[in-house]
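S.K.: The primary structure of each chain is shown beneath.
2 protein chains.
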Amino acid sequence: MKKWEEKLRQITPYVPGEQPDFPDMIKINTNENPYPPAPGVEKLLKEMDTKKLTLYPNPGAKLLVDELSKQYNIAPERIFVGVGSDDVLGMIFMTCFSSDKPILFPDITYSFYDVWADLFRVPYKRMPLDENFCIKKEDYLGENGGIVLANPNAPTSIAVGLDFIEDIVKNNQDSIVVVDEAYIDFGGESAFPLLEKYENLLVVQTFSKSRSMAGMRIGYAFGSERVISAIYAVRNSYNSYTMNYPSIVCGAEALKDVAYFKECTAKVIATRERMKKELAELGFSFPDSKTNFLFATHESVPAVELFEMLREKRIFVRYFKTPRIDNYLRITIGTDAQMDRVVEVLKEYLEKR
Amino acid sequence: MKKWEEKLRQITPYVPGEQPDFPDMIKINTNENPYPPAPGVEKLLKEMDTKKLTLYPNPGAKLLVDELSKQYNIAPERIFVGVGSDDVLGMIFMTCFSSDKPILFPDITYSFYDVWADLFRVPYKRMPLDENFCIKKEDYLGENGGIVLANPNAPTSIAVGLDFIEDIVKNNQDSIVVVDEAYIDFGGESAFPLLEKYENLLVVQTFSKSRSMAGMRIGYAFGSERVISAIYAVRNSYNSYTMNYPSIVCGAEALKDVAYFKECTAKVIATRERMKKELAELGFSFPDSKTNFLFATHESVPAVELFEMLREKRIFVRYFKTPRIDNYLRITIGTDAQMDRVVEVLKEYLEKR
Chain A
1 MKKWEEKLRQ
11 ITPYVPGEQP
21 DFPDMIKINT
31 NENPYPPAPG
41 VEKLLKEMDT
51 KKLTLYPNPG
61 AKLLVDELSK
71 QYNIAPERIF
81 VGVGSDDVLG
91 MIFMTCFSSD
101 KPILFPDITY
111 SFYDVWADLF
121 RVPYKRMPLD
131 ENFCIKKEDY
141 LGENGGIVLA
151 NPNAPTSIAV
161 GLDFIEDIVK
171 NNQDSIVVVD
181 EAYIDFGGES
191 AFPLLEKYEN
201 LLVVQTFSKS
211 RSMAGMRIGY
221 AFGSERVISA
231 IYAVRNSYNS
241 YTMNYPSIVC
251 GAEALKDVAY
261 FKECTAKVIA
271 TRERMKKELA
281 ELGFSFPDSK
291 TNFLFATHES
301 VPAVELFEML
311 REKRIFVRYF
321 KTPRIDNYLR
331 ITIGTDAQMD
341 RVVEVLKEYL
351 EKR
Chain B
354 MKKWEEKLRQ
364 ITPYVPGEQP
374 DFPDMIKINT
384 NENPYPPAPG
394 VEKLLKEMDT
404 KKLTLYPNPG
414 AKLLVDELSK
424 QYNIAPERIF
434 VGVGSDDVLG
444 MIFMTCFSSD
454 KPILFPDITY
464 SFYDVWADLF
474 RVPYKRMPLD
484 ENFCIKKEDY
494 LGENGGIVLA
504 NPNAPTSIAV
514 GLDFIEDIVK
524 NNQDSIVVVD
534 EAYIDFGGES
544 AFPLLEKYEN
554 LLVVQTFSKS
564 RSMAGMRIGY
574 AFGSERVISA
584 IYAVRNSYNS
594 YTMNYPSIVC
604 GAEALKDVAY
614 FKECTAKVIA
624 TRERMKKELA
634 ELGFSFPDSK
644 TNFLFATHES
654 VPAVELFEML
664 REKRIFVRYF
674 KTPRIDNYLR
684 ITIGTDAQMD
694 RVVEVLKEYL
704 EKR
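Chains A and B, in that order, are what the protein sequence lines are.
Numbering-wise, the first sequence is residues 1 to 353 according to the numbering used here.
Numbering-wise, the second sequence is residues 354 to 706 according to the numbering used here.
What the hints contain is simulated information worked out from the structure, not anything from laboratory work.
Don't take every hint at face value.
What the hints assert, rightly or not - With a straight-line cut-off of 25 Å between C-alpha atoms, the simulated DSS-like cross-links for lysine-lysine are:
{"id": "1", "chain 1": "B", "residue 1": "K356", "chain 2": "A", "residue 2": "K197"}
{"id": "2", "chain 1": "A", "residue 1": "K51", "chain 2": "B", "residue 2": "K620"}
{"id": "3", "chain 1": "B", "residue 1": "K666", "chain 2": "A", "residue 2": "K51"}
{"id": "4", "chain 1": "A", "residue 1": "K137", "chain 2": "B", "residue 2": "K404"}
{"id": "5", "chain 1": "B", "residue 1": "K404", "chain 2": "B", "residue 2": "K415"}
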């Protein structure tokens with residue numbers, strides 16, 4: 001190793017999930033929304049004055065933050081925005097977990113939490129879910145450096161209620177408690193109302209799932225003014241202008257179309273409920289999903305076999321080669337037509353086998 | 354202080370520069386380009402298929418990286434892209450300066466270097482420029498944890514030649530040497546040719562100045578495959594999808610229009626050279642700028658007085674209340690019409706005073 005190489009940060013590369021790109025594929029592997037963004041976004045892009053691109057964007061993404069403030073009825077000073085909820089969560093890890101005590105999160109959850117903890121040298125402890133993939137509340141009541149819970153959890157798709165979250169927040173008023181609500185709009189109960197009572201709570205959401213804008217990279221967090229300003233202090237010391245002009249204006253525009261948002265999430269939920277029945281009939285079981293995906297295991301056929309069979313048919317689902325969940329598939333809810341095709345392919349395969 | 358507050362990272366908030374927004378203003382305070390992005394960008398936004406926004410963007414921003422590869426004739430594996438050159442430099446600080454020895458940069462330079470060093474707990478030493486604001490080469494020949502040089506330097510506007518940079522890179526083959534070339538397209542000599550010889554060199558550039566796209570947030574670095582892959586390992590452990598879909602496709606499109614790029618930079622350079630004469634006649638002096646700004650001091654009137662006078666006329670220039678440079682104004686080169694107005698206002702004020 002050369003001397004300059006010794007000065008490089010040694011890190012095990014995190015490999016991002018597969019993003020296949022075939023014209024005829026059914027891509028239900030990364031929980032994207034099958035419906036396009038609100039129609040206003042297209043109109044806005046068509047009419048965009050590119051002269052605006054010559055200028056630095058507003059560092060606080062004011063237009064976007066003001067619209068979030070209006071839609072959610074919360075002060076702009078209590079909103080942080082970032083380049084997807086990954087950026088938001090990464091900044092939260094960098095800002096809020098400066099303690100020697102370990103932060104706590106489940107053993108099966110969003111796979112980035114331990115990656116951020118390693119990157120920012122935050123000690124952590126993974127608390128095992130129970131045998132039904134449920135979070136054990138008592139695990140989160142001891143001393144800690146912070147708590148991160150995805151609700152609904154991923155990839156399990158299981159949601160806990162508001163009382164459950166409140167118990168954890170109430171019993172951890174010496175730490176920051178982060179509730180990562182990437183999938184909340186598909187039927188979960190948001191911790192948002194608790195923000196009025198607890199200064200140490202952060203609620204993180206994203207435009208990537210329910211708002212059909214994964215490609216625009218917009219995430220946001222709600223919290224107390226004190227915590228949000230601390231996150232901005234770190235963010236501004238890294239990059240003062242993270243949100244580009246298109247993401248600011250298109251994000252604000254998408255938020256305005258409440259009817260379209262409700263229509264799309266209702267469609268996804270309806271398709272999901274139908275899929276629960278259809279997959280159960282094929283011998284699958286799964287937790288009661290409150291997300292835009294099902295976390296399914298088959299009574300007799302190994303998940304990896306189904307994963308590979310589907311892949312050959314250009315149907316991409318997610319398979320985790322991870323202890324405890326390596327016999328499950330994470331299947332994103334697509335359009336009805338896409339789901340019909342998935343059921344057809346599975347049925348045909350299972351009958352023949 | 355509450356107990357959860359003690360767990361927050363204590364950081365002095367970095368305050369981003371002023372972004373005034375008046376319809377009739379002349380905004381020449383943040384070195385933006387007065388000309389719009391390449392016409393292809395507008396066309397592309399008009400025709401953008403918003404269905405693409407539902408999907409996560411390509412994590413490696415392949416379209417953009419491939420176009421950079423083509424235009425600069427360098428392998429794609431040797432290119433890193435980020436959300437403006439601030440993101441690129443921030444990731445470089447996080448990745449490349451993991452040593453106990455101090456990194457070195459000038460005392461007067463881009464004001465973010467010490468902010469990143471503080472954020473990522475990298476020890477650093479500021480090496481004083483000489484009395485003419487020139488970098489003293491001998492300061493960079495001792496042991497160190499890395500070197501960061503802006504060339505041309507900001508806010509001084511002074512460029513050094515390729516031999517100067519090569520001497521520093523050649524004598525520092527145990528460290529990563531970063532050359533921050535945000536302003537290189539306005540007349541400086543890029544260190545790009547040295548990349549063939551030195552694996553420890555990183556050359557950083559941006560779309561914010563010469564490509565008129567500060568609002569799109571695109572920066573990039575060229576380096577050896579080994580260093581670039583180390584930066585991506587850290588980046589992917591923070592946020593796998595930093596570049597949104599519009600920035601990837603519009604960035605690639607802008608790169609293709611070489612003629613427009615040359616035309617715009619030539620216009621800025623011509624206006625700058627004219628301004629050198631006009632400002633000299635008004636009693637200003639300044640280093641020989643190779644950037645899109647002039648770093649000017651007046652023979653009798655204090656910079657702060659001129660700054661405030663211009664501000665009242667809605668002409669925004671940059672003033673740094675910093676030792677050694679607090680009698681200078683940094684004036685971005687705008688259109689000819691904007692510059693005529695600036696000269697007119699200055700002339701009128703200086704004559705009356």
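S.K.: Next step is simple, just say for each hint if it's right about the structure.
M.R.: Now for the hints, and whether the structure bears them out:
Distance restraint check for K356/B and K197/A: the Cα-Cα separation of roughly 16 Å lies within the 25 Å cut-off, and the hinted pair is therefore satisfied. At roughly 17 Å between alpha-carbon atoms, K51/A and K620/B fall within 25 Å of each other, so this suggested pair holds. For the proposed pair K666/B and K51/A, the alpha carbon gap of about 23 Å is at most 25 Å, so the pair holds. With a CA separation close to 40 Å, the supplied pair K137/A and K404/B exceeds the 25 Å bound.
For the given pair, K404/B sits about 19 Å from K415/B by alpha-carbon distance, which is consistent with the 25 Å threshold.
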